[in-house]
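Asks: Going line by line, the protein sequences match chains A and B.
Residue numbers for the first sequence follow numbering that gives the first Met the number 0, so the first one is 0 and each next one is one higher.
Residue numbers for the second sequence follow numbering that gives the first Met the number 0, so the first one is 0 and each next one is one higher.
Just to be clear, a hint being listed does not mean it is correct.
Said to hold, decoys possible - In silico DSS-like pairs for lysine-lysine, Cα to Cα no more than 25 Å straight-line:
1. Lys-131(B) with Lys-131(A)
2. Lys-182(A) with Lys-292(B)
3. Lys-128(A) with Lys-151(B)
4. Lys-34(B) with Lys-91(B)
5. Lys-230(A) with Lys-213(A)
6. Lys-57(B) with Lys-102(B)
7. Lys-151(A) with Lys-294(B)
8. Lys-151(A) with Lys-151(B)
9. Lys-151(B) with Lys-79(B)
10. Lys-296(A) with Lys-151(A)
11. Lys-272(A) with Lys-229(A)
12. Lys-294(A) with Lys-79(B)
13. Lys-79(B) with Lys-151(A)
14. Lys-79(B) with Lys-131(A)
15. Lys-66(A) with Lys-3(A)
16. Lys-296(B) with Lys-79(A)
17. Lys-131(B) with Lys-151(A)
18. Lys-91(A) with Lys-292(B)
I should point out that these hints are in silico values taken from the structure, not numbers from a laboratory.
Number of protein chains: 2
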Amino acid sequence: MPGKEVAVGIDIGGTNTIFGFADRGGNILAEDRLKTTHYEEVEVFVAALYEKILVTAKKISEPLDIKGFGIGAPMGNINKGTIEHAAGLPWKGIIPLADLFRKHTDLPVVVTNDANAAAVGEMIYGGAKDMKNFVVITLGTGLGSGFVIDGKLVYGHDGFAGEIGHTAIRPGPSNRDCGCGRKGCLETYVSATGLKRTLLKIMADSIEPSDLRKYSFEELDAEIIHDYAKKGDHLAIRAFQHTGRMLGFKLADVVAHTNPEAIFLFGGLALAKDLIFEPAKEYMEENLLSIYKGKVKLLASQLSTQNAAVLGASSLIWTNEIK
Amino acid sequence: MPGKEVAVGIDIGGTNTIFGFADRGGNILAEDRLKTTHYEEVEVFVAALYEKILVTAKKISEPLDIKGFGIGAPMGNINKGTIEHAAGLPWKGIIPLADLFRKHTDLPVVVTNDANAAAVGEMIYGGAKDMKNFVVITLGTGLGSGFVIDGKLVYGHDGFAGEIGHTAIRPGPSNRDCGCGRKGCLETYVSATGLKRTLLKIMADSIEPSDLRKYSFEELDAEIIHDYAKKGDHLAIRAFQHTGRMLGFKLADVVAHTNPEAIFLFGGLALAKDLIFEPAKEYMEENLLSIYKGKVKLLASQLSTQNAAVLGASSLIWTNEIK
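All chains, full assembly: derive it from the sequences and hints.
Replies: Next up, the structure:
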């Protein structure tokens, strides 16, 4: 008996690696995770991940016909199956991830940028089903981007298209260090970490009291700042406004490059809704050339954050995006 | 007798409109021009242009089989056949250019952005013959851009992809007014006009003597500044350096969007060679994420400036880019 056709979707993040079994309809049959940070050696990580995938598969009551492994990771390269110089992961340099996986399996293994995976997921299962030209921005610890043009994901000549998180906010040395080794990158402003940094800057410049002053940088996260903003904390609100404006400024650039129908925001920061969408939309429109004004939709991803990354990664196996 | 198959390529610029008859091999059989600025009414302009095309056709010794009219113009829209809000042209608002042309002919008329036309020309006849992913930047009175991804020109959802001349150099109100009504656009720095503005700024800030101080803003042009730079004039050299750096800074953004194999510079400023290429290359590399460093070629267009625009526009008729 052949079993139910599924693809394994894997999302490798700086903190957790999440995987799941998805069918062609985008239904997740099972999902589990392991801590990325627990594994200093990538070979040990891959072996542990593969083992856990097998264990999870056995728990599913119906027999499975696994068609392949789709992996989304920061700096994932679809041409080479590698992760290259990903600042947020424990493994440095060029990691031959697909090859390491193939030591365990003969099934297809596809590696791509996590934001590219999210864009494919949005196209197949989310809000971009009827769109040919759109962009997905993932807002997590960092900022990723995936571009779809004429219904196809853009990989670029070297397989690294869509890294707008590492475009600089202004020319010359800026004041914020980026994990990539440079300064002033968009993701140092627009990401969960960027939001925290902006809040600290605002607390430094302002004398206004706020309960947020009780938190250390390490204790803070986007959710805490979001909670305070909802309660009316001025510093938290200003941090979101500044973050949204920096995002909107750069989204105007995105529009001038590829003229998308819509830009989807995905991930933790996007859950703050109007707090991030309103300033982003306002500043994007303010910076748009007249021919674009009022035409580009700024939308929330229609994939739930819980399994969107897994869905997106699994969908790499179903699409003809595979190279 | 059917005659030689040709397409009429038309390049509508802020000062001149150039047209020519090109065969499929990219040979120009004849070329002529008229002053764009002489025509306040676009209907009169189109009638005069069409008349002049017919007159020029008659001067060609062999019989012609005209297959269509390809038109490149600032803010040209391929979907609608319009020119929309082009700051550098005498006609304001939305101009139904293709429809106006069709009053004179039943042949196909294709209108697109002039930089898009240049990109198609580079792909068919120029240095991008073997490339699938590249960008063309046109440096004239303004700055245009055309993106090719997977061998196809990117038009975007509304037909207006590739207007990076109107992305801002930094967030917030900047000091240079742009013809588009906003402030601080890339083309206010990187274009023949931008070069002049930068030279004036440098002359204002510096006390160094220079023969360029004898010229009025109106008398100055990129060629004069180029000549002085070649003679070693420090202010002229600094103006080129600053222009190249601003370009390089934004080219790093372009790479982070679509990861092209090469970026071609085309037009008057590109003729200044090392004076513009060296600072642009240096600043692009400095601002690139490590995964892109040393990989993206910055090249001069291999189309001669004299007829590249005409070739590019004519090639719209030969390609399946026509919508």
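Asks: Holds or violated: Lys-34(B) with Lys-91(B), Cα cutoff 25 Å?
Replies: With a Cα-Cα distance of about 17 Å, the restraint between Lys-34(B) and Lys-91(B) holds, given a limit of 25 Å.
Asks: Holds or violated: Lys-79(B) with Lys-131(A), Cα cutoff 25 Å?
Replies: holds, 18 Å
Asks: Regarding the pair Lys-151(A) and Lys-151(B), is the alpha-carbon distance no greater than 25 Å?
Replies: holds, 12 Å
Asks: Take a quick look at whether Lys-296(B) and Lys-79(A) sit within 25 Å of each other, Cα to Cα.
Replies: Measuring from Cα to Cα gives roughly 21 Å; hence the hint holds.
Asks: Please verify whether Lys-230(A) and Lys-213(A) have alpha carbons no more than 25 Å apart.
Replies: Within the cut-off at roughly 16 Å; holds.
Asks: Going straight from one Cα to the other, do Lys-128(A) and Lys-151(B) come out at no more than 25 Å?
Replies: The given pair, whose Cα atoms are some 22 Å apart, holds under the 25 Å limit.
Asks: Just to be careful, I want the Cα atoms of Lys-131(B) and Lys-151(A) compared with a cutoff of 25 Å; is the pair within it?
Replies: Given that 25 Å is the threshold and the Cα spacing comes to 14 Å, the pair holds.
Asks: Within a Cα-Cα threshold of 25 Å, do Lys-57(B) and Lys-102(B) meet the stated pairing?
Replies: Holds: Lys-57(B) and Lys-102(B) sit about 21 Å apart, inside 25 Å.
Asks: Regarding the pair Lys-66(A) and Lys-3(A), is the alpha-carbon distance no greater than 25 Å?
Replies: holds, 10 Å
Asks: Can the restraint linking Lys-182(A) and Lys-292(B) be considered satisfied, given a maximum Cα separation of 25 Å?
Replies: holds, 16 Å
Asks: If you draw a straight line from the CA of Lys-296(A) to the CA of Lys-151(A), is it 25 Å or shorter?
Replies: holds, 19 Å
Asks: Checking one constraint from the list: CA of Lys-91(A) to CA of Lys-292(B), max 25 Å. Satisfied?
Replies: holds, 17 Å
Checked against the numbered hints listed earlier, the structure breaks none of them; every hint is satisfied.
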